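A.B. asks: Okay, here's what each chain looks like letter by letter:
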Amino acid sequence: MKSPWVRALSDRLFVPVGGIAVFLLLAAAFFHFNGYPPLNIFGQIVQGAFGSALSINTTLTKTIPILFCALATALPARMGLVSVGAEGQLYFGALTGTAAVLAMTAAPIWQLLPAALALTIAGGALWGAIPGLLRAMLGVNETIVTILMNYIGIQLVEYAVYGPWKDAGNLGWPATIAFPRAAKFPPLTLGTLSSNWALVIAVLLALVLHVFMERSRLGTALGLLRSNPRVARMAGLSYARHAVVVMALAGGLAGLAGWVQTANVQGHLQPDISSGYGYVGFLVAWLAGQNFLRIIPLSLVMGGLLSSGDALQLFAQMPFANTVVMQALVFISVLGVGAWRAKRRAVS
Amino acid sequence: MSVHAIVGLLATALLTATPVLLAMLGETLTERAGIVNLGVEGQMLVGAAAGFAANHVSGNPWLGLAVGALAGMALSSVHAFLCLGLGVNQIASGLAIMFLGNGLSSFYGTPLVGQQIAGFHGLEHSWVAAIPLAGEFLAQLTPTVYLGLALVVACGLFLYRTQWGLVWRSAGESADALRMLGKHPAAVRLIAVLTGGVFTGLAGAALSVDYTRTWVEQMTAGRGLLAVGLVIVARWSPWLALPVALIYGLSDALSLRLQSAGFDLSPYLLGTLPYVVPLIVLLLSYRASQRGTSMPQELAGVFRGMA
Numbered sequence: 001m002k003s004p005w006v007r008a009l010s011d012r013l014f015v016p017v018g019g020i021a022v023f024l025l026l027a028a029a030f031f032h033f034n035g036y037p038p039l040n041i042f043g044q045i046v047q048g049a050f051g052s053a054l055s056i057n058t059t060l061t062k063t064i065p066i067l068f069c070a071l072a073t074a075l076p077a078r079m080g081l082v083s084v085g086a087e088g089q090l091y092f093g094a095l096t097g098t099a100a101v102l103a104m105t106a107a108p109i110w111q112l113l114p115a116a117l118a119l120t121i122a123g124g125a126l127w128g129a130i131p132g133l134l135r136a137m138l139g140v141n142e143t144i145v146t147i148l149m150n151y152i153g154i155q156l157v158e159y160a161v162y163g164p165w166k167d168a169g170n171l172g173w174p175a176t177i178a179f180p181r182a183a184k185f186p187p188l189t190l191g192t193l194s195s196n197w198a199l200v201i202a203v204l205l206a207l208v209l210h211v212f213m214e215r216s217r218l219g220t221a222l223g224l225l226r227s228n229p230r231v232a233r234m235a236g237l238s239y240a241r242h243a244v245v246v247m248a249l250a251g252g253l254a255g256l257a258g259w260v261q262t263a264n265v266q267g268h269l270q271p272d273i274s275s276g277y278g279y280v281g282f283l284v285a286w287l288a289g290q291n292f293l294r295i296i297p298l299s300l301v302m303g304g305l306l307s308s309g310d311a312l313q314l315f316a317q318m319p320f321a322n323t324v325v326m327q328a329l330v331f332i333s334v335l336g337v338g339a340w341r342a343k344r345r346a347v348s
Numbered sequence: 349m350s351v352h353a354i355v356g357l358l359a360t361a362l363l364t365a366t367p368v369l370l371a372m373l374g375e376t377l378t379e380r381a382g383i384v385n386l387g388v389e390g391q392m393l394v395g396a397a398a399g400f401a402a403n404h405v406s407g408n409p410w411l412g413l414a415v416g417a418l419a420g421m422a423l424s425s426v427h428a429f430l431c432l433g434l435g436v437n438q439i440a441s442g443l444a445i446m447f448l449g450n451g452l453s454s455f456y457g458t459p460l461v462g463q464q465i466a467g468f469h470g471l472e473h474s475w476v477a478a479i480p481l482a483g484e485f486l487a488q489l490t491p492t493v494y495l496g497l498a499l500v501v502a503c504g505l506f507l508y509r510t511q512w513g514l515v516w517r518s519a520g521e522s523a524d525a526l527r528m529l530g531k532h533p534a535a536v537r538l539i540a541v542l543t544g545g546v547f548t549g550l551a552g553a554a555l556s557v558d559y560t561r562t563w564v565e566q567m568t569a570g571r572g573l574l575a576v577g578l579v580i581v582a583r584w585s586p587w588l589a590l591p592v593a594l595i596y597g598l599s600d601a602l603s604l605r606l607q608s609a610g611f612d613l614s615p616y617l618l619g620t621l622p623y624v625v626p627l628i629v630l631l632l633s634y635r636a637s638q639r640g641t642s643m644p645q646e647l648a649g650v651f652r653g654m655a
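Heads up: the protein sequence lines correspond to chains A and B, in order. So that you can map any letter, position 216 of the first sequence is 216 in this note's numbering, and since no number is skipped, the others follow by simple counting. In short: position in the second sequence from 1, add 348, done, that's this note's numbering.
Just chain B, same shape as in the assembly (with noise of 0.2 Å):
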């Protein structure tokens, strides 16, 4: 391989890794706040919807990306208001608003069903592919991309160099301690439901108006669930949320990387690889994350005693 093809897979798994990763970013906000939110495919299918729609009326792909985080953080106030409000277990109320996300999105969605857009304009020809060196590279990233590396260091200062971030991060540790220093839990989770929302929103905006520029159907194809996987592969850490991406923006890119090679392997065999290899990571990394300390303590309940 040629350090050419090896850039370029380079940049094609971090295009596709781009809305896990944010979906990630937002997930792991809502469990450090100790609030498991499995409606994260939905909020993402939402997302992709409306950020699509917007983009087709409008012409204006930035404008698509507020409009799918704004119905991301839509649908998950449904979740904040089912376990915040009235106590439904978590995972139940998750699954729910998967299965609500699902069908408004392609409820809605029929009409959007075979348009186009353009998208955000390429930077093969801006000042950005004349850098030296990484330009070739640079430039083959789309906006989103730049947003959702951003924003993995924007968590991760907010998360662990601020105040809010340490309250956050102790609603998710032990809600009481946090009342006895006179702060409400309820009110940081319900910010962090919202919170997640958004970035879940713009998770599903960044593929159908970034990645795909096309409206399909569960287009999001278990990206969602994967997501709320490989938060525990990152052990809820921003930082590490960009790593464990990639594994799963290697392993897309890679299958279809084989397959236009003329690979001799089915193109459906090689489609499975996106989520047997996020799998078989998170079967490895489990058992350290569940031992070790960085899982959130008041999740622990969610995860262990269900139903």
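The following block holds chain A by itself, in its conformation from the complex (with noise of 0.2 Å):
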């Protein structure tokens, strides 16, 4: 006879405890299977993420972005849309908010830094925009057609960096002139830690939109959007309103995603400004169960499972990839248990 307490917190319990005991299972399995001891690779993945000050404040540099897509993921599936633009949404962004450094390039910061931002979240609005319009008035499905723009907002900012934005100064190599400091978030340190102020915005724009949700109108009318969209019509909600500005707010957040990673983290506008960013977002969102709180430490360790890559591919020669496959696994393994779980519950 268990007490109804016990019940409930195991209940809540199971699935996380379940999926990263899967997780664990399959990872050991993938590491072992390709010739790596997979205790010694967990302990230098943990190594790798949170040993040191320096792999802390890697760890949190890669949280940012990963931070903002996640959010920028979890909006619109709040109303039963599945977006995984967050990527192009990002890419889209940093090349808008780029035109304002190239225009203002000598601006003080209380210029050029809220020019830029949001020049970035119009741009990424913009690329969210699209999809949410199709998705309201010709009903396409939003999951291709965010993937579709993902390729397109890339290849616009190849465009540009190779083509008119490029700077000579750079001899062949594609990219814009170095941002000025005044383009950048500003930094912000705690003792051995080091960031700058995206992280505090991330955090803050993730806690606001979990109250929002939670206690405003707009959360219970996205729920009854996806739940039930003819008592929403009925209510008099309209669908296409709430898809668009829901999906141009989320295309705002991941476009800040890629100005945090243009500006600060690399310094200029190149080709490659997100190491898939967009998806880790993705994973994150779905594995949170779109819940706003539960994002912000899942984006940490998924963070910390990036920033212990390149750790890996450093000490224990492999291959970068391996963090690809075990967010795979991760995704996989607590989708797995989640779903056998409700399975057994219809049952009994």
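Treat the hints with caution; some may be incorrect.
What the hints assert, rightly or not - Simulated restraints on C-beta separations:
1. Leu-39/A to Leu-632/B: 52 to 58 Å
2. Leu-505/B to Lys-343/A: 36 to 42 Å
3. Ala-482/B to Gly-139/A: 41 to 47 Å
4. Leu-529/B to Gly-139/A: 31 to 37 Å
Said to hold, decoys possible - Derived SDA-like pairs (lysine to any residue); straight-line CA-CA distance at most 25 Å:
5. Lys-166/A to Phe-611/B
6. Lys-343/A to Val-650/B
7. Lys-166/A to Gln-607/B
8. Lys-166/A to Leu-606/B
9. Lys-166/A to Ser-608/B
10. Lys-166/A to Ala-609/B
Claimed, not checked - Chain A stretches covered by chain B per the calculated footprint, using a threshold of three residues with CB under 8 Å from any CB of chain B:
11. 136–146
12. 150–164
13. 270–284
14. 322–330
15. 334–347
Note that these hints are calculated values from the structure, not bench results. As the structure is a prediction and not an experimental result, all values here were calculated from the model. Where a beta carbon is used, it is the ideal one built from N, C-alpha and C, also for glycine.
Relying on the hints, combine the two individually framed chains into one complex.
C.D. replies: Below, the structure is given as structure tokens:
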């Protein structure tokens, strides 16, 4: 005979704990099969992610764009839209934001940074609003449109940095001029930890979105649009307007990931802005069950996994792609355990 | 444009379209049985890497195609296990397969980067080139193009003209009706997902073994996802898959042709054509495909109420 709260707790923990257990088994099998000692590698992953001040700072740097992209995935998911477009929105936002830097390179930070951020958000919002609009007007599946637009966004950035925006001073290397400090998020240091203000903004946005979803009319409206569009229509909620606005907001969020990556990490616009952060953000949002609070720690974990990928490449000579395999295994484990439990519940 | 140039463009379009066509046929078969698989991109990548490796080791391009097809099937079995075995959301599972295929192909493909293979022998000096009138055109095509065209016919006849094809399509239209006949929809769907895996793995191998003859990480560059979208344009018909894949092939061939002709537009802007043109075609045909009766009814839920 279990007391109710023990049962409630084990209910909540079943999927995360079970998912992690299955993931560790699969990952251990993968490493073992490829001739790496699993326990040793697990140790190196933790060490590479959080073992020193330097590795923690690298992890934080990678956490920021993942966090933005996860928010950009979870927001449309709240009304039932499956957007995989954060990657393209990230690229297109960085592209439009760069226009501000090129137009007013010498401007002081209080002019340049807001202008760049406004253009970044506008660009990302446009890239997100298009699939939202197509879904709303024509009913076109947004998953396929967002993914195709990712490739177009990436190509447009390549066009800019190989073409009109290429800086001749780079000796043929495709990139714009180096960004001035006034275009970057100001640094933020706390003891040995160092990051920038984008981290604070991302976490705050996650908290604000969480409160909004739980406490505001909008949160309820989105939930209704997802679970019962017919009732939502009777309540006077416009599916089309919500789809466009939500997708535009999401695009703006993903655009910010592009800006922190371009301005703070790389220091200029170049072809490879993101190492798949849009897709990692998608995984994080789904693992979090589209819950904005859970997205924060999960982004940190994924950021750690990515930063340990660099370390494994260096010390164990393991191809960097092992991090992509690990991400996929995490996703499969949690999805599988969740669905298995739902099925057993439906039976009993 | 001379006749010669048009024939050349059409041949290039067919060569470019073949991997997409094969992937479309695979996804058409899978979706006709009532399952959506967004993992096509990953299955193509795994097929491309495994097929290239097999050809590189053995020197036999046919073996490369076969191994690629098997690799695609192996990965699709994960989708089958997640969706059919555990009841995971099909969209989520498909994306997981996409990531897994991407990761595995990059991981194991690292030593293959920069390697070269000979691929198939050209047909320029064979009896095909000696055929009057059409010989010049036919000789520019490769074995995978002919394989793709043959599979269009095979899939079309199978789905619409055989008893098994009827059972297959019934699994996509109404699982209940099929159960009433004493058949098992889940078994049909399992076979459909695995067959789709074979076709998409073959599609990837056709790309690396026959078309590019190299292996590069993420070399499919969205072709798999494009194929999923184009299946909707082709209204889940193997026959229509050919002209629709040719739209992709033509836009890609045209962007290459315009670049080499010194057309004054950035190759990166032209490079968006193979995505923009199919996207526009998708938009134009979407409403009609949803309104018509062509969509397998069991898919309606997956495409509409997701998450």
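A.B. asks: Between Lys-166/A and Leu-606/B, does the CA-CA distance stay at or below 25 Å?
C.D. replies: Holds: Lys-166/A and Leu-606/B sit about 23 Å apart, inside 25 Å.
A.B. asks: Between Lys-166/A and Ser-608/B, does the CA-CA distance stay at or below 25 Å?
C.D. replies: holds (22 Å)
A.B. asks: Does 36 to 42 Å hold as the CB distance between Leu-505/B and Lys-343/A, or does it fail?
C.D. replies: Check passed, 38 Å falls within 36 to 42 Å.
A.B. asks: Does the alpha-carbon distance linking Lys-166/A and Phe-611/B stay inside the 25 Å limit?
C.D. replies: Holds, at roughly 20 Å.
A.B. asks: Tell me if the straight-line CA distance from Lys-166/A to Ala-609/B falls inside 25 Å.
C.D. replies: holds (24 Å)
A.B. asks: Is the coverage entry for the stretch 334–347 of chain A by chain B consistent with the three-residue Cβ rule at 8 Å?
C.D. replies: holds (count 7)
A.B. asks: For the hint 52 to 58 Å, verify it against the beta carbon of Leu-39/A and that of Leu-632/B.
C.D. replies: Holds: the Cβ-Cβ distance is about 56 Å, inside 52 to 58 Å.
A.B. asks: Are 3 or more residues of the stretch 136–146 of chain A near chain B, judged by a Cβ distance of less than 8 Å?
C.D. replies: holds (count 7)
A.B. asks: Is the hinted pair Lys-343/A and Val-650/B satisfied, with a Cα-Cα distance of at most 25 Å?
C.D. replies: The given pair, whose Cα atoms are some 18 Å apart, holds under the 25 Å limit.
A.B. asks: Looking only at beta-carbon atoms, does the pair Leu-529/B, Gly-139/A fall within the given range of 31 to 37 Å?
C.D. replies: holds (33 Å)
A.B. asks: For the pair Ala-482/B and Gly-139/A, does the Cβ-Cβ distance stay inside 41 to 47 Å?
C.D. replies: About 43 Å separates the Cβ atoms of Ala-482/B and Gly-139/A, which means 41 to 47 Å holds.
A.B. asks: Quick one: see if chain B covers the stretch 150–164 of chain A, three-plus residues with Cβ-Cβ under 8 Å.
C.D. replies: holds (count 9)
Hint compliance for this structure: no hint is broken.
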